[in-house]
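Student: Sequences and hints are given; from them, build the entire structure.
The lines below spell out each chain.
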Amino acid sequence: MTSIGSVPAIGVPDAVAASSGPPGPSAVGMPPYTGRLLRWSFAIGIVPPAVLVLALATKSFFLLTFIHVITGGTWTGFDLFMGLVMSRVLRSLDIAARVEVAKRLTPTTFFILPSLAGTAITAGIYLAQAEGKFDLGSPWIIATGIVVLLLTVQGFGIFMPNSVRIFIELGKVRPDTAKIARLNMRNIRLAGLQAAFQLGIILIMAHLAVY
Amino acid sequence: MNGAALGAIIVLAAAFLAIFGSLYLGAVRSQRRGELDEAGVRILRWAVLGQLCIYVVLALTAFFSVPPAP
Chain A
19 MTSIGSVPAI
29 GVPDAVAASS
39 GPPGPSAVGM
49 PPYTGRLLRW
59 SFAIGIVPPA
69 VLVLALATKS
79 FFLLTFIHVI
89 TGGTWTGFDL
99 FMGLVMSRVL
109 RSLDIAARVE
119 VAKRLTPTTF
129 FILPSLAGTA
139 ITAGIYLAQA
149 EGKFDLGSPW
159 IIATGIVVLL
169 LTVQGFGIFM
179 PNSVRIFIEL
189 GKVRPDTAKI
199 ARLNMRNIRL
209 AGLQAAFQLG
219 IILIMAHLAV
229 Y
Chain B
455 MNGAALGAII
465 VLAAAFLAIF
475 GSLYLGAVRS
485 QRRGELDEAG
495 VRILRWAVLG
505 QLCIYVVLAL
515 TAFFSVPPAP
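Residue numbers (my numbering), protein chains in the order written: chain A, 19 to 229; chain B, 455 to 524.
Hint data in this document are derived by calculation from the structure and do not stem from the laboratory.
Mixed in with the good hints, there may be bad ones.
[What the hints assert, rightly or not] A few chain B residues facing chain A, derived, Cβ under 10 Å:
(1) S484
(2) R496
(3) Q505
(4) Y509
[Stated by the list, open to error] Here are some of the chain A residues that sit facing chain B, going by a computed Cβ distance under 8 Å:
(5) R122
(6) F128
(7) S133
[Claimed, not checked] Chain A residues, not near chain B, derived (Cβ > 10 Å throughout):
(8) M48
(9) G91
(10) M104
(11) R106
(12) V107
(13) F129
(14) V182
Every residue, glycine too, gets a C-beta built ideally from N, C-alpha and C.
Tutor: Right under this line is the structure:
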């Protein structure tokens with residue numbers, strides 16, 4: 019045992035420590051299912067960019083439109099679900115239960131969400147180019163770019179670092195469960211904000227598609 | 455080649471690596487202090503490789519021409 023392993027958990031409220039009970043094998047260090055969930059997330063996450071490559075390689079406008087709509091719609095739907103549903107569900111749970119959700123949610127979404135976002139944005143640019151609408155002087159394209167920039171900054175600046183911090187915390191000999199629950203709730207609340215931006219971008223998309 | 459798309463993907467990947475790298479260094483420091491086990495750092499390495507793999511596939515798209523709208 020390391021010297022750290024014998025010191026009390028830092029930052030874990032007594033109520034949390036009491037409610038979580040004695041640490042089992044999965045309570046210390048990285049839970050054994052983390053790698054399995056990460057592999058699953060990667061297996062799903064690699065599909066959208068691969069389909070985008072296929073759409074461009076086969077010069078299929080239909081497939082390009084499909085991959086843009088399915089990734090954008092799934093990304094928005096996921097954020098709406100997290101912001102409107104999961105945030106309420108998690109608030110009703112105690113911190114120990116929130117941590118258990120975070121331990122599974124973070125690795126499962128780790129590759130899927132960035133892949134959906136990256137593919138939706140990239141496919142959207144190609145789609146706009148294909149339709150001759152990628153005019154950087156157009157206020158609608160500028161508005162899209164601003165919203166995409168905001169979403170990207172949120173993703174890279176808050177979502178991803180929080181997910182990695184949760185990973186690091188999970189890998190610690192004495193994970194700070196309160197910190198894990200706090201970071202996870204922050205991500206879920208942010209998902210609601212992302213959903214609001216995405217509703218805005220879908221309004222812009224609808225305008226670009228119709229006019 | 456679609457230079458603008460490739461450039462955008464490279465910028466995104468670089469931003470990702472810079473942020474992830476700083477967090478990774480923090481994790482390595484935690485490991486040296488004995489707070490984090492080896493599996494924790496190893497899984498972070500796999501995580502960054504997986505993300506980079508997704509960026510590489512996205513970057514491939516820049517080498518294809520965009521299909522014209524029907």
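Student: With reference to the structure, classify each hint as holding or not holding.
Tutor: Do the hints match the structure? See the list:
Given the 10 Å rule on beta carbons, the hint for B/S484 holds: about 7 Å separates it from the nearest Cβ of chain A. For B/R496, the suggested interface contact is upheld, since its CB lies about 9 Å from the closest CB of chain A, less than 10 Å. Interface restraint check: B/Q505 against chain A, minimum CB-CB distance 7 Å, threshold 10 Å, status holds. For B/Y509, the interface hint holds, the least distance from its beta-carbon to any beta-carbon of chain A being 7 Å, beneath 10 Å.
For A/R122, the suggested interface contact is broken, since its CB lies about 14 Å from the closest CB of chain B, more than 8 Å. Interface restraint check: A/F128 against chain B, minimum CB-CB distance 6 Å, threshold 8 Å, status holds. Residue-level restraint check for A/S133 holds (minimum Cβ-Cβ distance to chain B is 5 Å; threshold 8 Å). A Cβ of chain B approaches the Cβ of A/M48 within 10 Å, the least distance being about 5 Å, so the stated non-interface status is violated.
For A/G91, the condition that its CB be more than 10 Å from all CB atoms of chain B holds, with the nearest at approximately 19 Å. Consistency note on A/M104: stated as away from chain B, and its beta-carbon is indeed over 10 Å from all of that chain's, at 22 Å minimum. Once the 10 Å rule is applied to beta carbons, A/R106 is consistent with being away from chain B; the minimum gap is 29 Å. Separation of A/V107 from chain B is adequate, the least Cβ-Cβ distance of about 26 Å exceeding the 10 Å criterion.
Taking the minimum C-beta to C-beta distance to chain B, about 6 Å, the non-interface status of A/F129 is violated against the 10 Å cut. With a closest Cβ-Cβ approach of about 5 Å to chain B, A/V182 is found to fall inside the 10 Å limit, against its non-interface label.
Hint violations for this structure: numbers 5, 8, 13 and 14, all remaining hints satisfied.
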